[in-house]
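Chemist: So you can see what is in the structure, the chains are spelled out below.
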Amino acid sequence: MTELPTSTTRKLGLVIDLDTCVGCHACVISCKGWNTENYGAPLSDQNPYGDEPMGTFLNRVHTYEVTPEDGPAQTVHFPKSCLHCENAPCVTVCPTGASYKRIEDGIVLVNEQDCIGCGLCAWACPYGAREMDQAEGVMKKCTLCVDRIYNENLSEEDREPACVRTCPAGARHFGDFADPDSNVSRLTKERNGIDLMPEMGTAPVNKYLPPRPRDASPLTPFLAPVADEPVGFLGWLDRQLDKLPGGSD
Amino acid sequence: MADGQPILDTSPKVSDEVRKTTCYMCACRCGINVHMKDGKVAYIEGNRDHPVNKGVLCAKGSAGIMQHNAPSRLRKPLIRTGPRGSGEFQEISWHEAMATAVGWLTEIHETAPHKLAFFTGRDQSQSFTSFWAQQFGTPNYAAHGGFCSVNMAAAGIYTMGGAFWEFGQPDWDRTKLFMLFGVAEDHDSNPIKMGLGKLKARGAKVIGVNPVRTGYNAIADEWVGITPGTDGLFILALVHELMRAGKIDLHYLAQYTNAPVLVDGETGLLLRDENGKMLVIDRNTGKPAPFDRKGVRPDLSASYRHAGVTHRTVMALMADRYLDKSYSPEAVADRCGIPADRIRSIAAELARVAFEEEITLDREWTDFRGDTHKTMTGRPVSFHAMRGISAHSNGFQTCRALHVLQILLGSVEVPGGFRFKPPYPKPVEAHPTPHGHGRPGRALAGPHLGFPRGPEDLQIEADGTPKRIDKAFSWETPMSAHGLMHMVISNAHAQDPYEIDTLFMYMANMAWNSTMNTKGVIDMLTARNEDGRYRIPRIIYSDAYSSEMVAYADLILPDTTYLERHDCISLLDRPICEADAAADAIRWPVVEPDRDVKGFQSVLIELGARVGLPAFLNEDGSPKWKDYADYIVNHERRPGIGPLAGWRGETGDQSGRGAVNPEQLDRYIENGGFFVEHIPENAQYMKPWNMAYQDWAVKMGLFDSPHPFLFNLYVEPMRKFQRAAEGHGDIQPPDHLRAQIKATMDPLPIWYEPFEQSAFNADDFPIHALTQRPMAMYHSWGTQNAWLRQLHGRNPLYLPTSLWREHGFAEGDWARVTSPHGEITVPVAHQTGLNDKTVWTWNAIGKRKGTWALSEDVPEAREGFLLNHLINELLPPKGDGLRWANSDPITGQAAWFDLRVRIEKVDPPGETQPAFKPIKSPVPEGPHMLKWKVGK
Amino acid sequence: MHPAPSVIVFTTFSGLGFGLLFWLGIDPSPPTGWVAFAFFAIAYALSVGGLLASTFHLGHPERAMKALTQWRTSWLSREGLCAIAALLVIGLFAALLIFFGIHAAPLGWLGALLSLGTVFTTSMIYTQLKTVPRWNTPLTPALFLSISLAGGALLSGRVTEAYSLLFIAGLFQIAWWRRGDTALRNSGTTLGTATGLGTTGTVRSFSPPHTSPNYLMKEMVFVVGRKHTDKLRLFALLLGFVVPPILLALPMPHLFGALAVLSHIAGIAISRWLFFAQSEHVVGLYYGAR
Ligand SMILES: Nc1nc2c(c(=O)[nH]1)N[C@H]1C(S)=C(S)[C@@H](COP(=O)(O)OP(=O)(O)OC[C@H]3O[C@@H](n4cnc5c(=O)[nH]c(N)nc54)[C@H](O)[C@@H]3O)O[C@H]1N2
Ligand SMILES: Nc1nc2c(c(=O)[nH]1)N[C@H]1C(S)=C(S)[C@@H](COP(=O)(O)OP(=O)(O)OC[C@H]3O[C@@H](n4cnc5c(=O)[nH]c(N)nc54)[C@H](O)[C@@H]3O)O[C@H]1N2
Ligand code: SF4
Ligand code: SF4
Ligand code: SF4
Ligand code: SF4
Ligand code: SF4
Ligand SMILES: [Mo]
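Same order as they appear, the protein sequences are chains A, B and C.
Throughout the first sequence, residue numbering follows our numbering, covering 1 to 249 in sequence.
Throughout the second sequence, residue numbering follows our numbering, covering 250 to 1185 in sequence.
Throughout the third sequence, residue numbering follows our numbering, covering 1186 to 1475 in sequence.
No lab work stands behind these hints: they were computed from the structure.
Nothing false has been slipped in among the hints.
With beta-carbon atoms standing in for the labels, derived distance ranges:
hint : chain 1 : residue 1 : chain 2 : residue 2 : range
1    : C       : K1403     : B       : K1154     : 28 to 38 angstroms
2    : C       : P1188     : B       : P261      : 35 to 45 angstroms
3    : A       : K189      : B       : R886      : 49 to 59 angstroms
4    : C       : H1413     : B       : E1105     : 25 to 35 angstroms
5    : B       : E579      : C       : K1412     : 47 to 57 angstroms
6    : C       : K1412     : A       : Y150      : 48 to 58 angstroms
7    : B       : E1105     : C       : K1403     : 19 to 29 angstroms
8    : B       : D1012     : A       : D51       : 35 to 45 angstroms
9    : C       : P1188     : A       : D51       : 22 to 32 angstroms
10   : C       : K1403     : B       : K303      : 36 to 46 angstroms
Some chain C residues flagged as far from chain A (calculated, every beta-carbon gap over 12 angstroms):
hint : residue
11   : V1220
12   : A1226
13   : I1287
Cβ coordinates follow ideal geometry from the N, Cα and C atoms, glycine included.
Based on the sequences and whatever the hints tell you, model everything.
Modeler: As structure tokens, then:
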């Protein structure tokens, strides 16, 4: 199924707010927890208690420093998982059809029964969103929690990805980009959401909200003194107290 | 499936059952849903109904499953067979373990209870452990607060009856300008993140004051990269600017604080009338009047001349002090590393938001003077701070300065400002004073820890010797409200002030990351007397995991994990309340232990009964409580008041006060493990003065009678200590401490240079060295967690660009870091967003080989390191033969962040230095691969 | 990119094998009988051996047949089909030659075309990847094809063709390297575009998401030092394209011919090692690699 659908009914994805993400890794671990227990093979860990532990994660949080021309360096926490690209190169390269993009909602998935673990799709993804599970020999990637978002065993409000549900800062938003009135569409518009590596032509569905401008000095004028000396200050106080309503207001 | 989309089951069964309990991966205590499959823990997520986290969960909480199943879990009680520190143990039965402990403890209890030092770490059952220690009769009990953040807590209580974190929170929904001082993560982990998220969603402004720009400070709209230890100066410069411009809330100051109270011109104590009521000048009459008389208009600027002495208001004293040029932005800019204009601009911004963006809520309320107000006025600026300002030797005064700033702006307990959480606010008068006299076989008359009001409350013998092993509440640190856990081992080893017999510790990794001077402490734990006996003769320790500390104990009482026991997060202790509600919670065994371990609290109950502590026995001598669960339900502190406030009364229909309800725990479990009682709307703000709140608090059993109070810009108890140092009164400090007390215990906030800094030539150690908590790790425990240790398995020392260039560092380089106390050799990394006199690293990533069920070659042991080797619990000797603690001189708070170092580039030594020899692990190493899946 | 031995072996030997098959397929007077058997056996050993080697890095080699299904979009799938078709067609062609001495020329031409097709599809697996700017160029198929043809010529003893093809392949090799050295820069992809933060200022990786390694870093972030690269390129050029013609010019064609082949293989193996080791995957940017 490596032909991409020409269009999908819905365009589900995430908005990640870089102005708000504190880099706590909560989304990383809740993703690991949910996806270890659910969809497909568990996300294994090699050498978990030894040197160079190395496990499969579907979502990772980088940290960057951005130094503007003028002003101090800024630190930006940068979570990254599959962006569910509309023009997903990872899908078209897959020789087995294990990788596919769902027609109904655009989620990009790997059918683990068909995957031969050739790794080509991971090469094709510019974002590093696919990881080969070393124990299972199949490709793992963010499923957009396809087994949560429609899950009738979960309450309505819990039908959202594990990482979104857990994010303490509320920096992750889930929704349908095909709907211009959805939360994600609105946020993208209001906050000028951007694509990662637009030059790759992948047309990512997930959008990133850039950090708001930082360290701009406020326009508030400096405070004007009422008194520089204690005596003057107490005199001023006396005058002000007269203006205060008597005892209660 | 080659063509066509595979058919997916998008509604798989999530679990067989959800059990709701409370997280323990840190002290935030979020509610969790534990999903069970086949009786095993399958997945953990946040509980949406829970007052603390409302569904969200941090990385540690989500990784609870790996913690609960960690291979490092202890399996059986252990008795030491090899020398201390070797890790050689023999597994023994609980029967034997208890018999040994009972033997040791009974002897001490009956002969010299003070020879037991019982100290707990980040214990979440302090009201119970302190009760136990009180019954035991030893004066030597405290939890970790003394090395953690007592400056913050004590400064808050003395100033305004509560501080940050458990005591209160910003009004996240209404605040418009939020300033955060010295916080990397804090205890209130999820709520702070949720709060920041709310501010961000609204586009409200966040200012981060921190030498390091990571985490919360990374998302701050403005970053103030202050030089460590100088926040007090910065804050007082803001105070200077605001006062000079008259941008202070005069009504608030006059009505709700001791700003208008008259200070005795002779003694510096507050003037009071014959009933002990503080006196103000009433502007209606121009005469002195008790502050709380109905209709009184307290005059802030008045002075009162009587019997030849002029008495002035607190406000006037503040004007004298803070309008002085020495507090001007120019005067402090260089020391703080913040340009003067920046300070001015922040002051202006605070004033603008506080006074021009004022908010008004239409909520009628009546104050303690009986005056009714139609509305509540809000000043939407709020502050939060933690160890960055408190873990310095000038921390108490700095925390005080911040509270004074908040109060001057009128932004405490008002809409948009900072709000208390029940049972706070609670004025210092409503807190206990410390108790300590131990008599053989007898309980203490009251709690160990409290808030001294003056020299009469010190815990010293007639000759001035400290009564406590940690010297808390002695002249060295008179207001050490949380004790000084970091001095226990050091003093016990020095046998100063006396020898002890048994050190009993609970969840504190004192042989590693939680101690200053790690190597030294290891030596003290293993030091022997001439007769070959250990200098600290017996050590009993309870841990749940194979930590570094285990190897240094003689008897190990293995605890369960947090999913296997009962716990109680009580209003008597450190509750989980919100500004709008009182709340408490439990943990309960959602799974049974698969090892021979027991919940430590239950073990204490059994020990209490077997040692014969009366409170633990019925009249007939039988044990009063079967286990901790039994205690939680049936213990009553005062009639009708027990550990849990919910579902009290025989039928469970009472909240706060009420008879014991045998089914209380079931009700908690049904409700998701917690209980919440909301505060009525008109009682939600202005709590210290709002009679509706006071009455509600009494009804809930938080107090027995209403006690509204004034905020203390001026802290009278401090003046009492200062006066003693000036030679007044019967209880006198030793001469060598007089100057220090006079200088530091100023009743109005001051700034002085941190001690370690003033103890040697600053040019020799020009750089500040700090640690920060990684959000995804909890002290030493994170490392045993297979998922979390992949995030933080090593910790470089981060250097600012200036140092990076100056020393010609490149990626992969190592440095030797030298402090007045020691040296370490560690990997370095570069950070641009960092104060240029500061280096830092993540806390507690470095591990000792052979611990935590890890293999010996793990990066934590080879490339991870502790800064603790550089920090001493004592200041460098001053040549006077005395041991000067590296602590705040008022509260005894460990001054972790006073550390000064120098660095040089060196060849990588292969692994971080100092390297320690491996400990023999009491548990087998963990597996080489994990494919964790509980369900099919 | 991680220079996995299996992939280096695969591309080196199967390229050579299919190159040989190409020449055997178009040979107007092909050998027959035992001589044919020997040539075809070598060609099959190289091409099939190479293909087999490529399955070593699969997580599930037992499902390898599934890889043939997606020829409409996947170059890997096309390669598999092409290889099988080539091997079958040439197999028939060879069997006729070996056992019956029949020269079915059109079958040979088809086989030769399919052999080249296989080399081309292999090269397209790399060429198509925008994520590896060094590979993402028509020079990649040109390089693969020219090397395969040159190697095949060399192996089948076609000295004149070998001379010119080695020369051409050498030129492609140099061109490919030269272009490659600026490919990432010219691609326009930077940490700035990767994070979208480039508009605010200079972006630098401050800390990786995990302090422990991960699959992506092991697979895609491989850094070779410039000094090593220069040396290895020189070796690859000399052994792969310069030494063989010299050896061919010497007497004792059997001995030196064999040595020329070995030298060529060594050179190509080095070139292929560099092909992977030197190639930057853009994901490396996220990890602070160039
Ligand atoms: N994830 C996680 N959460 C935890 C813990 C944990 O280990 N992990 N530990 C818990 C415990 S016990 C505690 S006490 C709390 C502590 O929580 P925090 O108070 O957040 O403690 P630290 O991480 O030590 O952070 C101190 C911060 O102060 C800054 N700082 C240091 N010196 C100064 C200074 O002079 N001025 C200013 N303005 N800033 C300064 C440091 O850069 C750092 O950011 O966290 C609790 N929560
Ligand atoms: N350099 C530097 N050092 C510091 C600090 C700093 O900022 N910088 N911060 C200091 C502060 S504020 C603190 S609070 C201390 C914290 O120091 P500690 O409280 O000692 O920290 P932990 O490493 O969490 O150690 C607690 C122990 O409790 C054990 N434990 C975990 N769960 C359980 C359980 O369920 N039951 C029992 N019985 N045991 C359990 C763990 O295995 C561990 O051995 O560190 C201090 N050390
Ligand atoms: S982010 Fe990567 S894995 Fe996800 S759809 Fe895009 S290319 Fe494929
Ligand atoms: S690894 Fe699996 S999903 Fe990826 S391309 Fe190969 S077969 Fe397809
Ligand atoms: S959507 Fe689900 S699978 Fe994707 S990153 Fe979030 S938690 Fe992981
Ligand atoms: S959970 Fe939210 S705040 Fe934390 S790292 Fe993930 S996106 Fe950022
Ligand atoms: S903040 Fe995290 S670790 Fe702490 S209690 Fe909450 S979920 Fe658990
Ligand atoms: Mo702490």
